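Listed below are the residues making up each chain.
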Amino acid sequence: MNDEILYRRLLMRDQQALSAVLNQYGGLLKYIIGNTVVLTAEEIEECMSDALFLIWQRIEKYDNTKASLKSWIIMVTRSAAIDYYRKTAKHKKTVFIEEVSSTLIFQEAFDLLSIEEIIERLQMLPPPDNEIFYDRFILGENMDRIADKHEISKENAYKRITRGRLKLKEIFAKEGL
Amino acid sequence: MFDKKYLDAYSEHVKAEFEDEHLEANAQERILEKTFKKIELSSKGQKYRFKGIKQKKKSIVVACFLLLILSGFINATPVNALYQSIFQFIPGFGIVKSEEDMSISRATTQSYRMASNGAFIEIKYAYVQNNSFVISALTNINYGSSMMTMDGTGERIGVSGKSKLGLYLLIDGEKTYASHYVEASSYGTDVKKISGTFYLEKALKTSIVTLGIDDFEAPIEIVLEEVKAGDAPDKLGNGLFIDDIFIFADLKREGDVAILNMSSVLPSEYRNLRFYLFDDEKAFYASSIQIIDSEGNGYYPNEKKRQYNNADIDTFYFDIPEHKTGLKVVIPQMIYDTKVMGEVKVKKPKLGEYIAVDQRYKIGEIELNFKGLAFVSKENDETLKAIGEDALRYDFEATYQANSKQSVFQVFPEIKVKTGFEYARTNSMGIAPYWTSKQRAGCYYSVFDAQDKATKLSIEIKCSNVLIGPYELKIEAE
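One line per chain: the protein sequences are A and B, in this order.
232 is the number of the first residue of the first sequence in our numbering; add one for each residue after it.
11 is the number of the first residue of the second sequence in our numbering; add one for each residue after it.
Treat the hints with care, as some may be off.
[Claimed, not checked] Quick look at which bits of chain B chain A covers, simulated, 3 or more residues with Cβ under 8 Å:
(1) 19-25
(2) 36-47
[What the hints assert, rightly or not] Some chain A residues judged to face chain B by a derived CB distance under 10 Å, without partners named:
(3) Q354
(4) L370
(5) E382
Worth flagging that the hints you see were computed from the coordinates, not collected in a lab.
These numbers come from a predicted model, not from an experiment.
Just so you know, even glycine gets a beta-carbon here, dropped at the ideal spot from N, CA and C.
Required output: the full structure, derived from the provided sequences and hints.
Shown next, in the form of structure tokens:
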């Protein structure tokens, strides 16, 4: 089922469209959730269900002129994973060591924005550093994997992520955020 | 602006299927089932109409009582002022200490819910205290996202939109909006907990008040009963003093479900006492609160029921057959926070440098020593390798009085950085490792913006501590 049909069926409140989302993107949802927060198998399923529910609830806010459905689903999943982490982790300044995820490190900058507003900013992040930044920040991949994938050293990967963060900060600064 | 869609270009090439993350058919079915249940719950539009004041036959639902003598649990030190305090019990909220000239005059005796077209508001409790009207509610009403106004070049020139719900009280036909308003989201859904305080210019003359939220078509009427002074509550046995802490258990039974609400009154140096254990804390303490019946059968909380009912962490749901009686609560431990203590100003160490501080704090039966801090490279610390950042590490040691039941659980320095002539908070991330009950030393890590350039820091300390039990409260007669 292509994304346009999927989108229309979700808008028409066809619950079977959620089954199609899971068929097409289930592996990706699980991958993002697994990278964002350490969970048992049962918790992963619960979090995936949260992500699907969020897709269902927010589909009217999706604007196909501003992002592809796949980008939007990825970001909604990321948001659901972060919410799940927050509701299961201790509040305030507590972070359990093994659960610190790259996804969370820069999160505070986005806390004031909706998912769609975050997408708008991320769309503006230009190459060459954006891919590595997206790998780390959105997919939650660890540095070893990123370095292997892009065939660069870890040190180089860290530098490019820092450049990506600075670039995004510039984008935010322009908007007074 | 939207010609450049770098994120879309990236997403297009992200694999939709990851071999290691393949979902079995059974797993897909389970996930969908959970999702459909959530959809069903969110779309239920149940209407509850106020039908008159509910008369509770057995218990005094709002009571004001004076505690003079307790048996069994008073410690051997001289009776302190807390023992002679006046307490009030508000259903849905719990126990509060009534200060002089600050007593609660009216309160709800039940919760109220109004729903319309899938949106709802549920008033958990409300009470009048002097010139303030306080409410706590749950709602899924949204106020919509902010709108950005752009000029012709794509630059942002303004942001507009609502930042909170328009919660109002209708007095003499006029809307009065909450003077103080706090909102918190609940469990990744659209349900929010809202706490509001309204300033009352005049005393409320009526026992029925109307509350509403702007853009929600159905305002809700609630009844505030007068607090009955001087009645001895039949719930007196549900309270327990532990040194300067008073805890209270309120039990409600609905068929085979028992709903336990725990509340507490704390001395001023403590905050946020809880009985609930978050998942990562269960590695250190095996269980949270438990109920035992007269036959010795034990029951643990049903977390899923609590979440589905959007209840706070001080409310526990238990599956206990209706015919089981003689219930008592067993509390293996409680966790509480201390207030912020003792500012220390220190030089920020350079990378690889350690600065000794040796500042001591007295927290109940614990003496905490802030030994010093170091600026640690990520290459030299396993914790920091995981996050890929250099960080400041703060070292602490604790000494406990003999036979003390208190122990440190986590330490949280609050850090301000000197900028010009002042110290100010900055964007930061912290890692606060847990202490086991046998541990006498631990640390905290912080990473903050421009930490390389910072020269001086102001540090205040607060802790999360554990009070080890077990403690028992009898909550139901046999």
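The hints, checked one at a time:
no., hint, in the structure
1, 19-25, "holds (count 5)"
2, 36-47, "holds (count 8)"
3, Q354, "5 Å, holds"
4, L370, "7 Å, holds"
5, E382, "16 Å, violated"
Taken one by one, the earlier hints fail for this structure only at number 5.
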